[in-house]
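Protein chains in written order, with the numbering used here: chain A, 1 to 486; chain B, 1 to 87.
Careful, some of the hints might be misleading.
As the list claims (entries may be wrong) - As a list, the in silico EDC-like pairs of lysine to aspartate or glutamate whose alpha-carbon atoms are at most 16 Å apart:
1. K36/B x E71/B
2. K15/B x D111/A
3. K16/B x D111/A
4. K177/A x D111/A
5. K318/A x E240/A
6. K15/B x E31/B
What the hints assert, rightly or not - Counterexamples of contact, computed for chain B against chain A with all Cβ distances above 10 Å:
7. P9
8. N13
9. K16
10. L26
11. M28
12. V30
13. L48
14. V61
15. G64
16. S68
17. A79
18. E81
These are calculated hints, taken from the structure and not from any lab test. Every residue, glycine too, gets a C-beta built ideally from N, C-alpha and C.
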Amino acid sequence: MGGLGNLASYLAAHVLLCLVPAFYIAGAMTALIPKPAVTRFLGRSTPKGLSYPAAALAGSLLAVCSCTIVPLFAGIYRKGAGIGPALTFLFFAPAANILALIYTGGVIGVDLALARLVLGLAFGIGIGLLMAALFRDADIAHDAATDSLFAGEPHLAGAAALLFVVLIALLLVGTLKLDALATPIAQVTVGVPFVGRVDTALHQLVPFDATKGEEGLTSQGAALILLLLITGLASWRGLEHIHQGFSRWTGVASALVVLTLVFAAVQVVTHANSLDLIITPRTTGVAAALAATILIAWRWLPRALLRDWLWESWRFVKQIFPLLIAGVFAVGILRMLIQPEWIETLAGTNSLLGNIAGVLFGVFMYFPTLVEVPIAKMLLGLGMHRGPLLAYLMADPELSLQSILMITPILGRLRTWTYVGWVALFSALAGLVYGAWVDGARLAMIALYITGFVALLACGFAALERHRRAMRARNPLPTPSTVREA
Amino acid sequence: MLDIKVLGPGCANCKKVEAIAQQAVLAMGVEANIAKVTRIEEILEYNLLSTPGLVVNSKVVCSGRVPSPAEVSTWLADALEAALHAN
Numbered sequence: 001m002g003g004l005g006n007l008a009s010y011l012a013a014h015v016l017l018c019l020v021p022a023f024y025i026a027g028a029m030t031a032l033i034p035k036p037a038v039t040r041f042l043g044r045s046t047p048k049g050l051s052y053p054a055a056a057l058a059g060s061l062l063a064v065c066s067c068t069i070v071p072l073f074a075g076i077y078r079k080g081a082g083i084g085p086a087l088t089f090l091f092f093a094p095a096a097n098i099l100a101l102i103y104t105g106g107v108i109g110v111d112l113a114l115a116r117l118v119l120g121l122a123f124g125i126g127i128g129l130l131m132a133a134l135f136r137d138a139d140i141a142h143d144a145a146t147d148s149l150f151a152g153e154p155h156l157a158g159a160a161a162l163l164f165v166v167l168i169a170l171l172l173v174g175t176l177k178l179d180a181l182a183t184p185i186a187q188v189t190v191g192v193p194f195v196g197r198v199d200t201a202l203h204q205l206v207p208f209d210a211t212k213g214e215e216g217l218t219s220q221g222a223a224l225i226l227l228l229l230i231t232g233l234a235s236w237r238g239l240e241h242i243h244q245g246f247s248r249w250t251g252v253a254s255a256l257v258v259l260t261l262v263f264a265a266v267q268v269v270t271h272a273n274s275l276d277l278i279i280t281p282r283t284t285g286v287a288a289a290l291a292a293t294i295l296i297a298w299r300w301l302p303r304a305l306l307r308d309w310l311w312e313s314w315r316f317v318k319q320i321f322p323l324l325i326a327g328v329f330a331v332g333i334l335r336m337l338i339q340p341e342w343i344e345t346l347a348g349t350n351s352l353l354g355n356i357a358g359v360l361f362g363v364f365m366y367f368p369t370l371v372e373v374p375i376a377k378m379l380l381g382l383g384m385h386r387g388p389l390l391a392y393l394m395a396d397p398e399l400s401l402q403s404i405l406m407i408t409p410i411l412g413r414l415r416t417w418t419y420v421g422w423v424a425l426f427s428a429l430a431g432l433v434y435g436a437w438v439d440g441a442r443l444a445m446i447a448l449y450i451t452g453f454v455a456l457l458a459c460g461f462a463a464l465e466r467h468r469r470a471m472r473a474r475n476p477l478p479t480p481s482t483v484r485e486a
Numbered sequence: 001m002l003d004i005k006v007l008g009p010g011c012a013n014c015k016k017v018e019a020i021a022q023q024a025v026l027a028m029g030v031e032a033n034i035a036k037v038t039r040i041e042e043i044l045e046y047n048l049l050s051t052p053g054l055v056v057n058s059k060v061v062c063s064g065r066v067p068s069p070a071e072v073s074t075w076l077a078d079a080l081e082a083a084l085h086a087n
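Can you build the whole structure from these sequences, using the hints too?
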């Protein structure tokens, strides 16, 4: 029961105005951004100052799915910019891809999403640079023929750029928690017999307890879930075979998405036998953004791109949504089993132990894409400090056993485990830093911590460099024996 | 005889590309051998940065997206013509 209740209130409250646009944005990024626009900065000849940020950008924009991550990672490593940018890409892709960021911001809070982005960027580039320095001698010889892979200068089509602007406006106007967006501007009263009783019944079915972080379910929520279900069925008919051409069902599915989003943006007040539909600036904003989206997509976007966009968005929904639903269901059950005291003793404060616990939980628990977010929300509700929570959110997507197994054949065992060690260390550090900031530590203190850590690293590197030089003096022809791929 | 390879570790898009290639081959009535390449090491031997990839007679014709059946037909026709000229 806890599982189902959690699922129902989750679907009604969070999914629509945050996740639906997020899926369409992710789909647009995959389908409409020509990959060479980013990958041309990942060739061997690109200077470091450009290739590391470009690798992070590629991770954020192009790689929502592991299908893209592994080949692109291997390509950058073997044929392009080398081990450093490749690992920056690998680190940044799951932590800060657009779906994960939007979703974290919508469910947990914009502060944590920003921390995930900024610290992920800093540490992703840091780990890339570290690994490149550590394994400089072993960075493999590139074959000269492949640099053409990173050539070409295609541009984003004008209509596609406009589409991004409108989709992001849709996301913002739908999810921002601003009072101005919620002021009523018009009200329509519709008579619906017995709707008050339906609401009461729903409240009994899904008990409402704000102290436990539970959310209730209203008749509007129930209607939205129903609409979502119908939209899913229509999309299956309309989008699954979209490569054969658009059908009437494609139109039906799109219309249903529009209807659902607009209805989700209306405030509903229930009386015994009637409903007050309150139109707010949020409602009109969502409606306007949707109208603009349809206009741009249908009038200016080439049909082939429109097809690819709808397909990629639908593919993300098909791939991620079922896992997310199963995950949220499981979280609802878990929440009743875990005692808040356990979490509070272990990670209730921003201690070193708490942050390490967060990282370890991330490494040993494998959750599919995005499920880490509802899990994190549960942990937060159970009393976890935001510092260890960030440590967990950084470590979980990077360090699943599955991803370690996937990159081992490409990198080799030594380099993979070195990478894993760095990620664990840096995630704990990210948690500590962010936690200290949440606790109100002064910036100077945080800067001191980070300087100390960097100094420690620098000493280690100096020692390593001396050792390396000593080795080279003894053995003037270093053999690249550690290179598996050569 | 056309040699068609679908490159990809087995995600939804790779399966889609395979289905579309099969459909194009059937529609054109040409003889073709469609193989799936799923091992990353083998995929990397081709010149591409993202999967799914489609290879016709050892030439990468498309990568990183799902082509339409009409596009695949054009590539198959081109490959047939090239093979004819080579003989």
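Against the structure, the hints come out as follows:
Pair hint K36/B plus E71/B does not hold up; C-alpha atoms about 19 Å apart against a cutoff of 16 Å. The hinted pair formed by K15/B and D111/A fails the criterion: a straight-line CA distance of about 39 Å is larger than 16 Å. Between the alpha carbons of K16/B and D111/A the distance comes to roughly 39 Å, so the proposed pair goes past 16 Å and is violated. Distance restraint check for K177/A and D111/A: the Cα-Cα separation of roughly 13 Å lies within the 16 Å cut-off, and the hinted pair is therefore satisfied.
A hinted pair counts as satisfied when its Cα atoms are at most 16 Å apart, and K318/A with E240/A qualifies at roughly 10 Å. At most 16 Å may separate the alpha-carbon atoms for a hinted pair to count; K15/B and E31/B exceed this at roughly 20 Å. With a minimum CB-CB distance of about 6 Å to chain A, P9/B fails to clear the 10 Å threshold, and the non-interface call is violated. Distance check on N13/B: its Cβ comes as close as 6 Å (rounded) to a Cβ of chain A, failing to clear the 10 Å threshold; non-interface status is violated.
At roughly 7 Å from the closest C-beta of chain A, the C-beta of K16/B falls inside 10 Å, breaking its exclusion from the interface. Separation of L26/B from chain A is adequate, the least Cβ-Cβ distance of about 14 Å exceeding the 10 Å criterion. Against the 10 Å criterion, M28/B stays outside the reach of chain A, whose nearest CB is about 16 Å from its own CB. For V30/B, the requirement that its beta carbon stay farther than 10 Å from each beta carbon of chain A is met, with the minimum near 20 Å.
Once the 10 Å rule is applied to beta carbons, L48/B is inconsistent with being away from chain A; the minimum gap is 7 Å. Taking the minimum C-beta to C-beta distance to chain A, about 15 Å, the non-interface status of V61/B holds against the 10 Å cut. At the 10 Å boundary, the C-beta of G64/B falls inside the reach of chain A, the nearest C-beta of that chain being 5 Å off. The claim that S68/B is not at the interface with chain A is violated, since a C-beta of that chain comes within 10 Å of its own (minimum 5 Å).
Taking the minimum C-beta to C-beta distance to chain A, about 20 Å, the non-interface status of A79/B holds against the 10 Å cut. Every beta carbon of chain A lies more than 10 Å from that of E81/B, the smallest distance being close to 24 Å; the non-interface claim holds.
Hints 1, 2, 3, 6, 7, 8, 9, 13, 15 and 16 from the earlier list are contradicted by this structure; the remaining hints agree with it.
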